[in-house]
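Asks: Sequence:
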Amino acid sequence: MIATYTKPPIPFIATADYAKTGQWINALQQAIPQEQIVAFSSLNEQQRQSCQMAIVANPDPADILRLPQLVWLHSVWAGVERLLADLGTSDLKIVRLVDPQLADTMAEAVLAWVLYLHRDMPAYARQQRQNVWQPRDYIKPQDKTVSLLGLGALGEAAALRLLAAGFKVNGWSRSKKSIEHVSCYGGSAELPQMLSQTDILVCLLPLTADTRGLLNAATLAFLPKGAALINFARGAIVEDAALLEALDSQQLSHAVLDVFSQEPLPPEQAYWQHPQVTVLPHISAPTDLTTAAAIVAGNIAHYRKTGQLPTSVDSLRGY
Numbered sequence: 068m069i070a071t072y073t074k075p076p077i078p079f080i081a082t083a084d085y086a087k088t089g090q091w092i093n094a095l096q097q098a099i100p101q102e103q104i105v106a107f108s109s110l111n112e113q114q115r116q117s118c119q120m121a122i123v124a125n126p127d128p129a130d131i132l133r134l135p136q137l138v139w140l141h142s143v144w145a146g147v148e149r150l151l152a153d154l155g156t157s158d159l160k161i162v163r164l165v166d167p168q169l170a171d172t173m174a175e176a177v178l179a180w181v182l183y184l185h186r187d188m189p190a191y192a193r194q195q196r197q198n199v200w201q202p203r204d205y206i207k208p209q210d211k212t213v214s215l216l217g218l219g220a221l222g223e224a225a226a227l228r229l230l231a232a233g234f235k236v237n238g239w240s241r242s243k244k245s246i247e248h249v250s251c252y253g254g255s256a257e258l259p260q261m262l263s264q265t266d267i268l269v270c271l272l273p274l275t276a277d278t279r280g281l282l283n284a285a286t287l288a289f290l291p292k293g294a295a296l297i298n299f300a301r302g303a304i305v306e307d308a309a310l311l312e313a314l315d316s317q318q319l320s321h322a323v324l325d326v327f328s329q330e331p332l333p334p335e336q337a338y339w340q341h342p343q344v345t346v347l348p349h350i351s352a353p354t355d356l357t358t359a360a361a362i363v364a365g366n367i368a369h370y371r372k373t374g375q376l377p378t379s380v381d382s383l384r385g386y
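Note that my numbering has the sequence shown beginning at 68, numbered continuously upward.
Hints listed in this document are in silico derivations from the structure and should not be mistaken for laboratory results.
Heads up, a few of these hints could be off.
[Claimed, not checked] Result set (DSS-like, lysine-lysine): computed pairs, CA atoms no more than 30 Å apart in a straight line:
#	residue 1	residue 2
1	372	160
2	211	235
3	243	292
4	235	207
5	211	160
6	243	207
7	292	160
8	244	292
9	74	87
With these hints in hand, go ahead and build the complete structure from the sequences.
Replies: Here is the structure:
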């Protein structure tokens, strides 16, 4: 049976070179069969004039401008800083992806790479290259403090995973949170206090005007000598020159970097060859198409039924 649709189609908008447009459309169509999910390029002029909502993955802003009746956008990413920048002063409401599976995947990655640093894997890799057979002293998780920058859904899930593994856990956020067994800090005044107690710092913050360049020479200097950094947030939160200086001076022992100001990371960038840096290709928490499509579908169904928008992004805060 051929489906018939009485409502305007919902376009999926991405850049022309985005490789997963077809996969997203298939996953979304299966999740919400009562809607017609189509690629933006397949819309005719009449359809473009009638669309009230769109699903987006780093869309070309020019395409959005061609939908004059658009009320809101549903991003398939958790981070929406690029979308906010592209839309500027637009009144369009933006809904970002909040997916428990994404939080669980990120928590897994945080634990994996914290253990990588905790068990001295970079040092053992170095020793292997030098043909050195030398056990290193073991330190119990209970004697290490892992501090999380960001205590939203991702940060809270990571904190719980780290606590279960036995680590002492601190957390910092824009406004102080309360999580059982986590020492919580809030606001710029309390950031130095948390950093000064940190063995491994994990960045999970959204990129906003307040967090851009937050990890700079001044803030990195608050960390105890020999601390390590994991950045699974956005590259622009870290000032590259300051981080390299902190690594070269041994202020920091190692950095695990999954995100960068320019991606893919250019071949001439110093991080590639730096002996105290682990470079990852933005893989800490990939979006799961199935669970993400189900969440988008649920939000759209609720909007169709009630006329109420899902919780949208605060453009001033950036999330």
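Asks: Straight-line Cα separation of residue 372 and residue 160 no greater than 30 Å?
Replies: 18 Å, holds
Asks: Next pair to validate is residue 292 with residue 160; report whether the Cα-Cα distance is within 30 Å.
Replies: 44 Å, violated
Asks: Next pair to validate is residue 243 with residue 292; report whether the Cα-Cα distance is within 30 Å.
Replies: Holds - the C-alpha atoms of residue 292 and residue 243 are around 26 Å apart, at most 30 Å.
Asks: Would the hint linking residue 211 and residue 160 be met if the CA-CA limit is 30 Å?
Replies: Given pair residue 211, residue 160 is violated - Cα atoms ~42 Å apart, limit 30 Å.
Asks: Taking only the CA atoms, is the gap from residue 211 to residue 235 under or equal to 30 Å?
Replies: Satisfied, since the Cα-Cα distance of roughly 6 Å is no more than 30 Å.
Asks: Can the restraint linking residue 244 and residue 292 be considered satisfied, given a maximum Cα separation of 30 Å?
Replies: 27 Å, holds
Asks: Going straight from one Cα to the other, do residue 243 and residue 207 come out at no more than 30 Å?
Replies: 28 Å, holds
Asks: Given the proposed pairing of residue 74 with residue 87, does the C-alpha separation stay at or below 30 Å?
Replies: Status holds; Cα separation ~25 Å.
Asks: Holds or violated: residue 235 with residue 207, Cα cutoff 30 Å?
Replies: Roughly 11 Å between the alpha carbons, so the hint for residue 235 and residue 207 holds.
Comparing the model with each numbered hint stated earlier shows that hints 5 and 7 do not hold.
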